[in-house]
Amino acid sequence: MIRKFLYLEWKAFIRSASFGTNLALKILLGFVSILYAFILLMAGIGAFYGLKKMNLDPLQQVNKFLIYYFLIDLGIRLLLQKIPVMNIRPLLALPFKRPTIVNFSIGKTLLSFFNFLHVFFFLPFTIILLIEGYDVVSVIFWHLAMMSLVYSNNFLNIILTNKDNVFAIFIAIVLVLGGFQYYHYFDITTYTSVFFDGLFNTKWMFLFPVLALAGLYSYTFNYLKNNLYLDAGLSTKHEIAKTENLTWLNQFGTLGTFLKNDIKLIKRNKRSRTTVVMSLLFLFYGLIFFRENSHQPEVMRIFAGIFVSGGFLFTFGQFVPSWDSSYYPLMMTQNISYKGYLSSKWWLVVIATFISTILASFYLFYGWQVYLTIVVGAIYNIGVNSHLVLLGGAFTKTPIDLAMSKGAFGDKKAFNTNTMLLSLPKLLLPVLLYWAGSSIMNPNLGLVFVAIAGVLGFALRDKVFTLIEKIYRTEKYKTIDAYKQKS
Amino acid sequence: MIQVQNLSKSYNGIAVLKIDSLEIPKGQSFGLVGNNGAGKTTFFSLLLDLIQPSTGNIINNDVQVNVSENWKPFTSSFLDESFLIGYLTPEEYFYFIGDLRNQNKADVDALLVKHDEFFNGEILKNKKYLRDLSKGNQKKVGIIATLIGNPEVVILDEPFANLDPTTVSRLKKIIRELAGNPDVTVLVSSHDLQHTVEVCDRIVVLNKGEIVKDIQTSPETLQELETFFAV
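Residue numbers (my numbering), protein chains in the order written: chain A, 1 to 487; chain B, 1 to 231.
So here's chain B without its partners, still in its complex pose (with noise of 0.2 Å):
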């Protein structure tokens, strides 16, 4: 689905991500993990073509990323606070996401209905603009728009921070039921080690912009990447 070559990113000559290779098969539930600086977030934006690679590209679905824009349609994100629209209310950002995704109002609300739980009342019909909700809350938001219109990749950064115990529980549950599908292919970057291992059918772990571990999930993988990030 995803494929990587020569991929860098430098700032004043310095590089901050060096991927030579790196391929992501359709399906797949895949990690990022790494300490602050490794890259996590770089390679998202680059992924999304909201930086330009210094060398290399990105394939996404045979669509080169900097080149055109056709892989908008299929791809959905959430980094940051800003991807939400501080002036509209939870429901409003939800219809206008859907409206852009081609899905009529009675498709988002059954979405809606479906991640009631998840909102744990605390978002919709609340009277409040989106800027006026907490970050956890708005995290639910940002999050829960990202599955409108069956995207086939869904590129999460961070989506764990800033959540409740409760919420981080009921997330991983989301994550993993998306994982399931055989459509889409799951991006999720985490400081969180096992939180990661819990969703992720592969994790690869940056370190100051290379890759540095590639491995296939199983019950060991928690304790190697513990190992790895004790010093």
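The shape of chain A in the complex, shown without the other chains (with noise of 0.2 Å):
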């Protein structure tokens, strides 16, 4: 049975018609995910013996900050890790057994690296503990209680992507906890490393991880069970629709009918809903590196400038046209020029980045020179980031499918690994302008050097259009015919 859903797995992962775009970004993610994992094995090995040099118990130091260990864990998953998607609508009338689906399901949530990755850390970590002579059944013990925690947060990611806003909930949790630690309020872990404290020194504690571990198991896969339903977990909700006129965008003529359009998308999507928040989180993404004793080295200053002001144009830019792939058939038969297509995105996009600019001035707070950064990467977002999400877009054809995401089985984070990994190329050139102007002269130098672009790209606008434009017209009939294969 199990070998008949691999079958199916395999087949649709290398026919699928980004399967070039697929296999890059699968390899680029297996070298990140090596660095990740070499990390977290320096640490599993580090952790012992650098703690015990600075003449603290090792193994205390880290049951102590588990709990943020675990909470980070936890929100990077509610991030990036993606929940079981699976053509499972034909399989339903087929004789499968429902538990055996629900249970492939979850299997490949199981394997994910997510999981993987924390055997680096704990696994190194326990064998020293072995070695250093800890008491081999309790080590034992605690190891099982940690493995259960990590394949907890694996089952809570499931359970909690489906909720609305969780995450931005979860990162201010968290936020607040990390503030009053760090200003001596209020320490979570001195409740909490007696928890996991416990966990090691009395022999039987070690169940609640576990048994906590089989509840979550036994819900998920009930809530799973329970919407293998078309009606349920496979349907989408009908929800009481609004007609809105929007009748004050008529005023921009055929940009205005789009803008109509998108706006409605984003509003009425999970999918396209999602990106919004996520550009607003981007807006406190500087907070890391303007801080007064932050270790970023300087050059990181530009990629925060970009990153605040560029949110929406990472989350919702970067997937044009695929927002449209499920009726671009019809963009590409009614009476619309590529050109005022491609321009209505652009403006949505610049209008965003434009807002997210004058929501960041609370960067003027940390001196006139962070905000110059920040209106200097804008600049530059407009100017040239803006047409290469563009360009990118004729290329990325991955289809996507608005209306099935919203079930319990759908795919529906805004913000994953493709987004990062097709970010970075746009920002390797403002990173390496500013470079070459502070080691000329000064910093200044730098945010001057990465304005030019900006305008120069701004400037070349109808340039770099007509060339986007004739990209789109030969890309257009692949294009279609990706998008016609749903996921």
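Hints in this document: simulated from the structure, not taken from any laboratory.
Please note: incorrect hints may appear among the correct ones.
Stated by the list, open to error - Here are the simulated DSS-like pairs of lysine-lysine, each with C-alpha atoms no more than 27 Å apart in a straight line:
(1) K105/B <-> K242/A
(2) K52/A <-> K64/A
(3) K125/B <-> K267/A
(4) K242/A <-> K225/A
(5) K225/A <-> K11/A
(6) K264/A <-> K172/B
(7) K11/A <-> K26/A
(8) K463/A <-> K478/A
(9) K213/B <-> K242/A
(10) K173/B <-> K18/B
(11) K463/A <-> K339/A
(12) K172/B <-> K270/A
(13) K267/A <-> K128/B
(14) K242/A <-> K264/A
(15) K127/B <-> K264/A
(16) K108/A <-> K264/A
(17) K264/A <-> K128/B
(18) K339/A <-> K476/A
(19) K82/A <-> K267/A
(20) K128/B <-> K270/A
(21) K484/A <-> K18/B
(22) K267/A <-> K135/B
(23) K484/A <-> K208/B
(24) K270/A <-> K208/B
(25) K484/A <-> K108/A
(26) K18/B <-> K264/A
(27) K173/B <-> K135/B
(28) K484/A <-> K128/B
(29) K478/A <-> K208/B
(30) K476/A <-> K213/B
(31) K82/A <-> K11/A
(32) K82/A <-> K97/A
Unchecked claim - If you want the ones that stay clear, here's a sample from chain B, every Cβ over 12 Å from chain A, calculated:
(33) N120
(34) E198
(35) D201
(36) T221
Don't be surprised by glycine CBs; every beta carbon is placed ideally from N, CA and C.
With the hints as a guide, bring both chains together as one complex.
In structure tokens:
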């Protein structure tokens, strides 16, 4: 039975229209994964001796911060780990047992690298504990408890993904806890470390996480199983629709027509709605870099400057025209010129970047220099990156199935590893320019360089648009063909 | 109105459509029938520049469709549900198409009132998005949307499929009315011989990508077609 599923998965992967892109991304992702695994491996080995040197008990110190380790892990999962997406409908009427289908979906997530990653930390750490003469049974129980918690996070991710805005609430909790600890108001670790120490010291306590894991598994199993009906998890929820005319946009002509449509697109589909929430989170990204005692290298400031105003550009803009994939043939046969279509998307991105820049004015608190960096980043986003996302869009032929992304089995994460990887090249050039300017004279010259690139891009707008239009035209038939494939 | 020359489309060396020459005069109602895989949808997709021809070309009102986009203002079409925008309500969809075809809200409203009977109370003011409508109701929306903005060429792929009997007869009335207008060229494809014969002046039979029959509709046409398809 499982072999049949694996066969289907394999075919779905190699026969997907975006196979080339998928493969390239997977390989790139492989490298990133190896890097992170290596970092954690080093941490796992180094933590013990490092902490020992500081005259601290390594296990107690690790236990102290485990609460943050697992909270951050859950946060990263909520952001990046995909939940099982399978083309389940055709399987329902075939002789597969429902539990088998559900277990396969769950099994797919268990094999995820997000679980595997933690072995790189906990396994070496555990082995060293054993070598250093900690009580063997306790260490093994502790290790079991840790693994159970890792997998509990896996299930929490599945359950929580289906709730709206959990991620934002979650980040807020972590920030508040971390903030309180930093300023010594309230230290949550004093309470949680009792629990984590207990996992080691009290022989039977490891049963708590194991039982929690079992409970979460059966909850997830039942949740997915109960949703395995065409009118439950596999269906699209029927919302009460309200006709909105947004007549105030009529004054912008054709552009207004498209903007109206895009606003509705964003409002009425979960995946696109999340992009807006995500782009708001991007606003705060700079806080990591612009703090006074930040340990980040100087050139990374422009990196942050671009990210702060570029949230919408990266999460939404990068998937133009995939947002329109389900009705792309309509767009191609209606009375629409490519230029009009593209420039409406361009304006949407530009407007969003502009708004982000205004919202980011709270960075003035950190001084003019910081806000200037953000403004320069915005100029570059508008002048260069806005064109790059449109250009990239001509080649990103992954359809986004808006309607399917609503059920329990749908993919609705707006920001995923693909978004991140696609973003990186767009940051390379400004970082280089900034670095060049800083090395020749000072950071201000770096900012000038980046700003000039942005202004140049803006000035050449018409030429660039003609070029992009030409590329869209040649890619048109391939794109239509690729969008025909669902998922 | 529409001229086809040496048109062919092949995938991996296998020809799926081959039309040496076909001329559809202005005002004609043109029916395309054939079995599955005969090339009906392929022909319409070529006509709408959704796929590229392997050889030859199609000229729609003096515009070669794979070279210029100028056929778009006077051509409207509904092939399948990928011509619908799922997250819009039917009203919003009609106004969106109206905007693109330079029709104001009043023009669109007038058209909708005219086809109120066709909608059978299941489309307008129903508080549903297009994605939540049944297949048949989605089709009704798509078909009426092609009438917005007085197009000169209307292309409908399998318009009768998925519709209930009452709606089919209402649709035939709409197509006949369109066909009666000497400025409008209607192209319809179907599996259903009887419906096609009832609404079209001319019927072309495609078989494995080639034209095997080209007949002006007469009282004997249905019999002739049924004999042809009965094997």
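Pair hint K18/B and K264/A, alpha-carbon separation not exceeding 27 Å: Distance ~42 Å between K18/B and K264/A Cα, so the pair is violated.
If you draw a straight line from the CA of K242/A to the CA of K225/A, is it 27 Å or shorter? violated (32 Å)
Below or equal to 27 Å on CA atoms is what counts here, so check K463/A against K478/A. holds (24 Å)
Is the nearest Cβ of chain A still more than 12 Å from the Cβ of T221/B? holds (30 Å)
27 Å limit on alpha-carbon distance, applied to hinted pair K108/A and K264/A: Answer violated: K108/A to K264/A is near 34 Å, above 27 Å.
Please work out if K484/A and K128/B have their alpha carbons no farther apart than 27 Å. Status holds; Cα separation ~25 Å.
If you draw a straight line from the CA of K213/B to the CA of K242/A, is it 27 Å or shorter? violated (49 Å)
Holds or violated: K11/A to K26/A, with C-alpha atoms at most 27 Å apart: holds (16 Å)
Take a quick look at D201/B and tell me if its Cβ sits farther than 12 Å from every Cβ on chain A, holds or violated. holds (24 Å)
Just to be careful, I want the Cα atoms of K82/A and K11/A compared with a cutoff of 27 Å; is the pair within it? Holds. K82/A to K11/A sits at ~19 Å (cutoff 27 Å).
Restraint status (C-alpha distance of K478/A to K208/B at most 27 Å): holds (24 Å)
Hint consistency between K225/A and K11/A [alpha-carbon to alpha-carbon, up to 27 Å]: OK: K225/A and K11/A at ~25 Å, within 27 Å.
Figure legend: structure checked against the earlier numbered hints; hints not met, in rising order: 4, 6, 9, 10, 12, 16, 24, 26, 30.
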